[in-house]
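Chains A and B supply the protein sequences, listed in that same order. The first sequence begins at 353 in this note's numbering and counts up by one. The second sequence begins at 13 in this note's numbering and counts up by one.
Treat the hints loosely; a few may be bogus.
What the hints assert, rightly or not - No more than 25 Å apart at the CA atoms, straight line, and that leaves these computed lysine to any residue pairs for SDA-like:
1) A:K638 x A:K560
2) B:K96 x A:G575
3) A:K376 x B:K102
4) A:K521 x A:P558
5) A:K524 x A:K674
6) A:K560 x B:L140
Don't read these hints as lab results, they were simulated from the structure.
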Amino acid sequence: MREETTTLYLGPQHPGITGNMMVKLQVRGDTVEKAETHIGYLHRGFEKLMERRNWLQSFTIVCRICVPEPDPNEENYARGVEEIEGREVPERAKYIRVMVLELARLASYMLWYGGQAGSAGLYTMGQWSVGDRNYILDLFEELTGGRVYHMYIWPGGVRRDLPEGFGDKVLKTMDYLEKRLDEYDRLLFDNSIFQKRAQGVGIIDPKKAIEWGVVGPPLRGCGIPSDVRKDDPYEVYDKLDFEVPNIDGNSDVWARALVRRQEMRESIKIVRQVIEKMPSGEYYNKIPNPLKWSIPKGDAYVKTESARGEFAYYMVSDGSDKPRRVHVKGPAYVHGITLLENLLVGENIADVSFIMNSLGTCPPEMER
Amino acid sequence: MENKELVLENTLVQALQEGFTRLEATVKRKARVEAKIDKDILPSLLLFAKEKLGYNHLSHIGCVDWIEDGLFEIVYILWHPTEKINLLIKASTERENAIMPNIDYIWRQANTYEREMREMFGIEFPGLVGRKDFILEDWQDIPPMRRDFDTEKYVNEHFFNRPGREDAKDVREQVAKRSGEDIPEFAKKYSRK
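Model the full assembly from the supplied sequences, consistent with the hints where possible.
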């Protein structure tokens, strides 16, 4: 019998790949011996573009860095500018921002439900959750004018106030989604196919996870309850009551799925509190004429807990009307490259996209 | 009151200054401490922060091109999982023949950041293993994230206008032409002409 390995190119055009990227696999039989992430299919040069645009023009493109969940980008950018400039944000705007961020997290997790179940061959789950996600996108459309990209959270506050009766609509949607989550449990988490596929696959060493740069649900799946919303609170998260899931699991795909399942319920809880506690008043601290708007020299490191983990911006101003540097670091920069390349070794080819989905690999934030 | 709140941050600044004499450390705000150091001592400082102070999570490595000073400033951002502090360590290197110590033996994910900086800024990291092509492919020009890379010139040399769209190069000019209104004085500096 000849012992040899085959090179398998998974992507960039492949239904199991989470976006425009490619994983080059060396396989022996159907076991992966070596994996290498290749990116560069989606490089749009946002960081370079921002150096040539003024502070407000740059705000309009940051949301494009992540399709499933654009709002953490807007929030990071806005908060970074506010921190360097020392601009105050009205309390009401902070509450609205948290509401938008949590709705975006829910929408992103519902897309994840589709991807995770779909890569195990369970397509009904995706049709349900992506269908229900549309109710959240409807809310976004009413609030911001856009379903996917919102350009809503901007420096100084938010772009417009809540429409009349919007809070009630949000609460109704939350009631509906909460009922649906029980049905998702029955369809996905009670499904023995999903249980068998997810348990014991893609195990991250919990002792090494922090050192390897793992963040977000994969880190919480290792039993380490780390969350930017608690560790380095921003906006009004320190005034809200919510739990960070502490899963005593196996650090596998199953544990990460349980983390997300629990977090959806926490997000619904947060949205309800925000609607209840939202103060009245201003929603925007007006910026000067954007064409003449310069930011004092300085830098800021801001981070948000997105659905996939810590999303960070390192922003530098040289005192001019354009950013000197905006460096974006999404969780997939580590999860999709060094972590994925190491996790895939020894796994089955069929589990590659399954593991990628559980890590939340997202090429746009790897190459910006 | 403020000093009481920043107890952990101030302790960190003290620990850094005791360990390294040629180091400037300041508390930027709650949970953010900044330290500036010579690039030759950088690996020892990073190892010190990781092994002795418990900053074992590397969050971020960013590079800023200060072309007017002829420097690249590289910032290493570390995180302490229990004290909940971000430590920003800044080191600079000359733009000409830029070279920085490789630290991917301290944190393996640093390899990705370094490969990107090698490609996008042209900074060399001796001992860095990994494909030369990271995001770009067959790139012949100067590294594109350098401030002196002229994006417009590059586009004009490498791409052509879609037939029928030759007049749509500057939206501001076109809107002014079609509407018959002048471009306001303050907006003229943004026009390409």
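Note to self: So if I understand the rule, the pair passes when the alpha-carbon distance is 25 Å or less; does K376 of chain A with K102 of chain B pass?
What the structure shows: Not satisfied, since the Cα-Cα distance of roughly 35 Å exceeds 25 Å.
Next item on the list: Below or equal to 25 Å on CA atoms is what counts here, so check K96 of chain B against G575 of chain A.
Entry: Holds - the C-alpha atoms of G575 of chain A and K96 of chain B are around 18 Å apart, at most 25 Å.
Margin query: For K521 of chain A and P558 of chain A, compute the direct alpha-carbon distance and say whether it is at most 25 Å.
Written below: violated, 41 Å
Checklist line | Restraint status (C-alpha distance of K524 of chain A to K674 of chain A at most 25 Å) | finding: Answer violated: K524 of chain A to K674 of chain A is near 42 Å, above 25 Å.
Notebook entry, point to check: Would the pair K560 of chain A and L140 of chain B pass a check requiring their Cα atoms to be no farther apart than 25 Å?
Noted result: With Cα atoms ~22 Å apart, K560 of chain A and L140 of chain B stay inside 25 Å; holds.
Note to self: Would the hint linking K638 of chain A and K560 of chain A be met if the CA-CA limit is 25 Å?
What the structure shows: violated, 46 Å
Hint compliance for this structure: hints 1, 3, 4, 5 are not met, and every other hint is.
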